[in-house]
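Visitor: Chain residues, written in single-letter form:
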Amino acid sequence: MYSLRLLASKNARAFEVAYNLFDPLVRAMAPLWRGIGYERAEKTFAVFEVWTKGLLLDCQRCGRCILSSTGMSCPMNCPKKIRNGPCGGVRADGNCEVKPDMRCVWVDAWTGSEQMKDGDKINTIQPPVDHRIQGTSAWLRHVRDDIAATQAASEADAKSGTGA
Amino acid sequence: MIIQGPEFRETPPGHSSPGRLERALRSGRFVVTAELNPPDSANPEDAYARALVLSEVCDAINATDASGANCHMSSMAICALLTRAGYSPVLQISCRDRNRIAIQGDVLGAAAMGVSNILCLSGDGVQTGDHPEAKPVFDLDSTSLLQTIRTMRDEGKFLSGRKITTPPRVFLGAAANPFAPPFDWRPLRLAKKIEAGAQFVQTQYCFDVPLLRTYMEKVRDMGLDEKCFILVGIGPLASARTGRWIHSNVPGVHIPDSIIERLEGAEDQKKEGQQICIDLIQEVKEIKGVAGIHVMAYRQEEFVSEIITASGVLDYRTLIREPSPSSNKET
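Taken in order, these protein sequences are the chains called U and H. Numbering-wise (the working numbering), the first sequence opens with residue 76 and increments by one. Numbering-wise (the working numbering), the second sequence opens with residue -2 and increments by one.
The set of hints was computed from the structure by calculation and includes no laboratory data. These numbers come from a predicted model, not from an experiment. Glycine included, C-beta positions come from ideal geometry on N, C-alpha and C. Treat the hints with caution; some may be incorrect.
[Stated by the list, open to error] Derived list of chain H stretches under chain U, where covered just means 3 residues or more per stretch with a C-beta under 8 angstroms from a C-beta of chain U:
hint, stretch
1, 69 to 79
2, 118 to 127
3, 137 to 144
4, 175 to 186
Kindly produce the complete structure, drawing on both the sequences and the hints.
Guide: Laid out in structure tokens, this is it:
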């Protein structure tokens, strides 16, 4: 897992391309997820994520995936669970303060983000984790939230249009 | 230290706190803060004794929050004691030991007790301290903590969105470490903390001025020194052995070989450590964008006043020790 994780941040650009191909596909299938029911689809997706992201990216299943903003290095592997890292304790060799034999996940995040097209996303402030959603599918939530946001925006537009 | 009487409780225009530290920094003069090593005791006099030796030269005193993950009197309690005595303390909040519910409650409590400054930290890992078996919390990190307290102050609401009737008027700080990798990213990380709410930063120990200069160059290019007050961390090394130990055992502290060699070659290593500290302060003061220094003199607090005075950074202030009431005032 650890060696695969290192491989992911070294090849962050390739993972970004793959993610950018996969993401619209999952979104396009939104009617299907709605039809199945998000709750039911969630369980299948969660298992799928364990086998893909878990294996390749050492995903810790926080439920709110930010890998595309962290150079494909999962921040939940940081012993301090820092979502806006790195901390000030990074060792001179780039290894972790808490686990001296492990490379700092945020040093990897920086290296990975430098390769990525949207690497600047690493400068985005990440909110704290919602502990209620740990272990659930981040992909499906992403799609669900996105659709809800689009719907809310179009409803707001319609309202303002009526008002004018 | 200024006694924070009723007349000092107003927040001046353009300030976010009524405290002395923000006023001093915004006045543009060179500012000195120092770290108080908290006592392993329930006696308030132990905290007061440690504050007293720092008070002569400091604009604010940092009360550490179980630094190094070691148990001591809490930062909150020390700050409460210090505000009662008229000091201007900096409450340090580490995300290691408390979750978002506890922290937000502490912020309100601290502000209610007259604390005007809060330093937001992620915190050292528990493995470094005297309770390595403890459960680390890390519900928030330093950046999300900054954003949380800024929201409490500026929007008057908790993270949950619930309204706060009297928001805390606090000056927000963060830590920065220009001396740890990835070096290229450190200024960007400072920018992120500023965006999250940092108004001042206190850096890790500086023993490598060229490295700091490179960092500050990037910081100035990004205009960050105009958005945030930068206080550089400084401290005296007691001996070459201590220096070597810190360099090898305290992650994030970088001590160049030249400093260790200089200590080794000295007859009185403790004195030389203080002289190195004085030299560093004088060099750091000349770097554009540095607003002041933050002194961390572990087990050498009694020398802080001497070191600061010898460095000359406060020469613009008139320092009169123990004035006699009967003597004529000196001009």
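Visitor: A separate judgement is required for each hint: does it hold in the structure or not?
Guide: To see whether the hints hold, each was checked on the structure:
As drawn, the stretch 69 to 79 of chain H meets chain U at 0 residues by the rule of a beta-carbon pair under 8 angstroms; below three, the given contact is violated. Remark: the stretch 118 to 127 of chain H is confirmed as covered by chain U, as 6 of its residues place a Cβ nearer than 8 angstroms to a Cβ of that chain, reaching the required three. Judged by the Cβ-Cβ criterion of 8 angstroms, the stretch 137 to 144 of chain H is covered by chain U as claimed, because 6 of its residues qualify and three suffice. As drawn, the stretch 175 to 186 of chain H meets chain U at 7 residues by the rule of a beta-carbon pair under 8 angstroms; at three or more, the given contact holds.
Violated hint: 1 only; the structure is consistent with all others.
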